[in-house]
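Single-letter residue listing:
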Amino acid sequence: MEDRKMSNKFSLITDGLVKNNPTFVLVLGICPTLATTTSAINGMEMGLATMFVLILSNIFISLIAPMVPDKVRIPTYIVVIATFVTLLQLLMQAFVPDVYATLGLFIPLIVVNCIVLGRAEAFANKNSVGDSALDGIGVGLGFTLSLTVIGIVREILGSGSVFGWKFVAGDGILAFVMAPGAFIVLGYLLVLFNKFLAKK
Amino acid sequence: MASKSSLKNMALCLSLVCLVCSALLAVTYAVTVEPIAAAAQAKTNATIAKVLPAFSGDPVLGTVEVEGTEYPYYKTDTGYAVMVTTSGFGGPLTVMVGVDNDGIIHNTAVLSHSETPGLGAKCGTDEKFIGQFRGFDPKAKKLVVKNDGGDVDAITASTITSRAYTLAVAVAVKASAVLNGSAAGSDAVTGASRPAEPAPAETVTDNGGQENE
Amino acid sequence: MEYLLIIVSAIFVNNILLAQFLGVCPFLGVSSKLSTATGMSGAVCFVITLATVVTYLLNKYLLIPLGLTFLQTISFILVIASLVQMVEIVLKKVSPGLYQALGIFLPLITTNCAVLGVALTVVTKEFTFGGEAHMLNLGEATVYAFATALGYGLAMILFAGIREHLALSDVPKAFKGLPVALITAGIMAMAFLGFSGIV
Numbered sequence: 001m002e003d004r005k006m007s008n009k010f011s012l013i014t015d016g017l018v019k020n021n022p023t024f025v026l027v028l029g030i031c032p033t034l035a036t037t038t039s040a041i042n043g044m045e046m047g048l049a050t051m052f053v054l055i056l057s058n059i060f061i062s063l064i065a066p067m068v069p070d071k072v073r074i075p076t077y078i079v080v081i082a083t084f085v086t087l088l089q090l091l092m093q094a095f096v097p098d099v100y101a102t103l104g105l106f107i108p109l110i111v112v113n114c115i116v117l118g119r120a121e122a123f124a125n126k127n128s129v130g131d132s133a134l135d136g137i138g139v140g141l142g143f144t145l146s147l148t149v150i151g152i153v154r155e156i157l158g159s160g161s162v163f164g165w166k167f168v169a170g171d172g173i174l175a176f177v178m179a180p181g182a183f184i185v186l187g188y189l190l191v192l193f194n195k196f197l198a199k200k
Numbered sequence: 001m002a003s004k005s006s007l008k009n010m011a012l013c014l015s016l017v018c019l020v021c022s023a024l025l026a027v028t029y030a031v032t033v034e035p036i037a038a039a040a041q042a043k044t045n046a047t048i049a050k051v052l053p054a055f056s057g058d059p060v061l062g063t064v065e066v067e068g069t070e071y072p073y074y075k076t077d078t079g080y081a082v083m084v085t086t087s088g089f090g091g092p093l094t095v096m097v098g099v100d101n102d103g104i105i106h107n108t109a110v111l112s113h114s115e116t117p118g119l120g121a122k123c124g125t126d127e128k129f130i131g132q133f134r135g136f137d138p139k140a141k142k143l144v145v146k147n148d149g150g151d152v153d154a155i156t157a158s159t160i161t162s163r164a165y166t167l168a169v170a171v172a173v174k175a176s177a178v179l180n181g182s183a184a185g186s187d188a189v190t191g192a193s194r195p196a197e198p199a200p201a202e203t204v205t206d207n208g209g210q211e212n213e
Numbered sequence: 001m002e003y004l005l006i007i008v009s010a011i012f013v014n015n016i017l018l019a020q021f022l023g024v025c026p027f028l029g030v031s032s033k034l035s036t037a038t039g040m041s042g043a044v045c046f047v048i049t050l051a052t053v054v055t056y057l058l059n060k061y062l063l064i065p066l067g068l069t070f071l072q073t074i075s076f077i078l079v080i081a082s083l084v085q086m087v088e089i090v091l092k093k094v095s096p097g098l099y100q101a102l103g104i105f106l107p108l109i110t111t112n113c114a115v116l117g118v119a120l121t122v123v124t125k126e127f128t129f130g131g132e133a134h135m136l137n138l139g140e141a142t143v144y145a146f147a148t149a150l151g152y153g154l155a156m157i158l159f160a161g162i163r164e165h166l167a168l169s170d171v172p173k174a175f176k177g178l179p180v181a182l183i184t185a186g187i188m189a190m191a192f193l194g195f196s197g198i199v
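Residue numbers (our numbering), protein chains in the order written: chain A, 1 to 200; chain B, 1 to 213; chain C, 1 to 199.
No lab work stands behind these hints, which were simulated from the structure alone. For glycine and all other residues, C-beta sits at the position ideal for the given N, C-alpha and C. Among the hints, erroneous ones may be present.
[Claimed, not checked] A short, non-exhaustive set of chain B residues, derived as facing chain C with CB atoms under 10 Å:
no., residue
1, SER22
2, THR28
3, THR32
4, VAL33
5, THR85
6, PHE89
7, THR94
8, SER114
[Unchecked claim] Straight-line C-alpha distance at most 30 Å; calculated BS3-like pairs for lysine-lysine:
no., chain 1, residue 1, chain 2, residue 2
9, B, LYS43, C, LYS125
10, A, LYS166, A, LYS19
11, A, LYS166, B, LYS128
12, B, LYS43, A, LYS166
13, C, LYS176, A, LYS19
14, B, LYS8, C, LYS92
15, B, LYS50, A, LYS166
16, A, LYS195, C, LYS176
17, C, LYS125, B, LYS50
Could you build all of it, start to finish, from the sequences and the hints given here?
Encoded structure:
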């Protein structure tokens, strides 16, 4: 019994990584996925920032959900999410201003990232605080992982480096750092994911 | 499980949530307002230290007018660090240019840009490009890219960015010339107030230009 | 002349979808049919322009004087959410025809990051249209928002046209649906790159 409970908790986290991967399976939150993955490190930072908001909003929403009347559910959630996003903005400006400058507009836009509101609607408002936190961690990690993977691919092809470590002298194929590369890399990664990982 | 959607409940719920959230934000803002200012200041100071020879004391902020446009600058005892924004390939390109007291460019640094990654964005990192401005003497060489008949090597495939960058440096040199010319006469903060009050007629046109705001 | 620069730049050079990646979720979601894509574009056009004007005024006359600019994100999203609701109600009463055409797309727009994205860009970013770097004034902001929305519509409708054909063609199984749509969008983005540098 105890064992099953443990594995259930564990699966809350692992589900987000592969089975319910927000990018490759659910295809949510595509805007930041495309825009911030010009390098592996940028993608990872964006993923972590989203995870921060996701965990906090999941916890807070699961706490207040029983008290929120059904009709004002969505506005309430949006206020909560926007609050944590602003919190994140202020903290980033104070302690990691360079990262904030790189990710720019896409930090405030976490508010309208469908993943965050989606998890609030689909999970946090009907589960316990602990489970919601784990779900936030799981989905957040899944998002971070996919953004990092896309970032790595684009950085290798576009700049000939990984996490800033250069293995090709000179430039890569610049198109991959620019807008078209984002769409094309995500498209082909989805193909690979469909072919090899997706369980029918 | 959710409580009833009566008007009272809904209003109560929304106002409570807003109250809690604003309280949370107010506290965070109060806590972070100083670190944010400090971080911005530290970044500016680091850039000033990079573009000018070692100086003593705090840099003093002022503005200087060149050909009708005002540019902010920092004054130190070893020279001026002028900030100029020009139009690059993808949008505004802001450069800080350090000009020492002899009118020679000490160093330059990009403050912000929206150039294409891998092409124009190299203006912040390409040593071959930034390096040529170090110790550049604007009296001996021409601050224009080679394509246009000057002495500055453009970044490969990014002539527009290079042109914008070079233009920013050239404007900064002009600004420092204005500053050096005026510094002899009056006190430190000068520059800003130096080109006297514009003629009344000019003031009118100024307002005219902004009236659609 | 400056307005012309803003329009060309917002529609072609910095196309909101293909160069800035704002509003990609609905772009992929509703672009499989030309008619829905047209409806969505119309609704987005309307809301982006209106929301930008309202948030611009809110920012200028309330947030800046009170020193509350850190509340931009939260206040803008609330304004957009209520605005969308209001537009829906007004449209229903005033023009049932238009409501029929745009109505079903309106609720989706609140979470379309293009709306919040444009509103935030306008109040935080400096532009260099017509020479010097400056913040946009109300007139420019409105034109910018409207032109950006037109660019959104253009990309969306072109894309929907292509996707209608894609649906009929023989695509390898793993590519079916979104992957091939994304790759198509990539090729379109490449075409739009050709516009860069003209402004």
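TODO: Starting from LYS166/A, check that the Cα of LYS128/B is at most 30 Å away, please.
DONE: Holds, because 18 Å separates the two Cα atoms, which is no more than 30 Å.
Task: Interface hint compliance - THR94/B to chain C, C-beta minimum distance less than 10 Å - done: 8 Å, holds
Task: Distance restraint between LYS176/C and LYS19/A, which requires alpha-carbon spacing of 30 Å or less - done: Holds, at about 19 Å.
Open item on the list: Holds or violated: LYS195/A and LYS176/C, Cα atoms, limit 30 Å.
Closed with: 11 Å, holds
- [ ] Decide if the proposed pair is consistent with the structure: LYS125/C and LYS50/B, CA atoms, cutoff 30 Å inclusive.
- [x] 26 Å, holds
- [ ] Have a go at the VAL33/B hint: is there a Cβ in chain C nearer than 10 Å to its own Cβ?
- [x] Holds, about 9 Å.
Task: Minimum beta-carbon distance criterion (10 Å), THR85/B to chain C - done: 4 Å, holds
Open item on the list: Please check whether SER22/B passes as an interface residue: C-beta within 10 Å of a C-beta belonging to chain C.
Closed with: Constraint on SER22/B satisfied, holds at 8 Å.
Task: Per-residue hint verdict: THR32/B, partner chain C, C-beta under 10 Å - done: 9 Å, holds
Open item on the list: Checking one constraint from the list: CA of LYS166/A to CA of LYS19/A, max 30 Å. Satisfied?
Closed with: 33 Å, violated
TODO: Tell me if THR28/B is really an interface residue toward chain C, meaning its C-beta lies closer than 10 Å to one of theirs.
DONE: With Cβ-Cβ at 9 Å, under 10 Å, it holds.
Task: Hinted pair LYS50/B and LYS166/A, Cα distance within 30 Å - done: 25 Å, holds
Violation of the numbered hints given earlier is confined to hint 10; every other hint is satisfied by the structure.
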